[in-house]
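Between the sequences and the hints, there should be enough to build the whole structure, so can you do that?
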Amino acid sequence: MKKIITTFFLVFLLVMAGISQDYETGIGVKAGMVPGISAKHFLTTNKAIEGNVTIRWGGANFTALGEFHYPVFDTDGMSFYYGGGFHIGVWDSGLAKDQPASDHQLNMGIDGIVGLEYAFFDVPLSLGLDWKPNFNIFQDSRMIIDEISFSIRYLIR
Numbered sequence: 001m002k003k004i005i006t007t008f009f010l011v012f013l014l015v016m017a018g019i020s021q022d023y024e025t026g027i028g029v030k031a032g033m034v035p036g037i038s039a040k041h042f043l044t045t046n047k048a049i050e051g052n053v054t055i056r057w058g059g060a061n062f063t064a065l066g067e068f069h070y071p072v073f074d075t076d077g078m079s080f081y082y083g084g085g086f087h088i089g090v091w092d093s094g095l096a097k098d099q100p101a102s103d104h105q106l107n108m109g110i111d112g113i114v115g116l117e118y119a120f121f122d123v124p125l126s127l128g129l130d131w132k133p134n135f136n137i138f139q140d141s142r143m144i145i146d147e148i149s150f151s152i153r154y155l156i157r
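Heads up: the sequence shown is residues 1 to 157, going by my numbering.
In short, the hints are calculated from the structure, not lab data. For each residue, glycine too, the CB sits at the ideal point set by N, CA and C. Only true hints are included.
Only pairs whose alpha carbons sit at most 25 angstroms apart, straight line, appear in this in silico SDA-like list of lysine to any residue:
#1 47 / 76
#2 47 / 71
#3 47 / 64
#4 47 / 148
#5 47 / 110
#6 47 / 124
#7 47 / 24
#8 47 / 36
#9 47 / 123
#10 47 / 73
#11 47 / 112
#12 47 / 28
#13 47 / 77
Ranges of calculated distance between the beta carbons of each label pair, as one might list FRET restraints:
#14 138 / 72: 32 to 38 angstroms
#15 90 / 47: 29 to 35 angstroms
#16 45 / 142: 34 to 40 angstroms
#17 143 / 121: 34 to 40 angstroms
#18 58 / 123: 35 to 41 angstroms
#19 24 / 142: 32 to 38 angstroms
#20 86 / 24: 20 to 26 angstroms
#21 80 / 140: 28 to 34 angstroms
#22 108 / 73: 35 to 41 angstroms
#23 77 / 141: 36 to 42 angstroms
#24 90 / 156: 28 to 34 angstroms
Structure, rendered in structure tokens:
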């Protein structure tokens with residue numbers, strides 16, 4: 001069973017390697033539980049890196065992600081993506097625990113991401129919706145699963 005799953009996963013990755021995105025770089029904003037600024041750059045036709053600077057709980061975070069993109073719904077410009085990465089930042093430890101404000105503390109951890117994105121052809125814009133669960137591994141160790149964001153980016157083709 002393990003060999004079947006491994007083989008399926010490798011074939012899936014090889015199929016996805018031939019799929020392309022419609023822009024090279026996008027810069028924009030994210031709105032939702034964790035607002036901020038965002039930039040995405042494609043390294044290959046289906047592999048991208050994304051960087052976000054977001055604010056929450058009286059502090060700020062930097063998140064770096066690696067992503068795999070592939071088209072969905074037989075719609076030009078529409079892609080599904082998934083990936084992972086890490087975050088580092090500071091927040092007010094009291095606000096992060098729904099308590100009165102206290103001192104700022106460092107937070108670091110790992111992140112996953114899954115989302116949909118549509119890149120328009122006539123105008124240099126993309127719209128996206130993603131879910132980014134993360135786990136803090138430094139100081140305040142816990143899983144955060146409520147980071148759902150809407151993004152709009154200006155595209156450089």
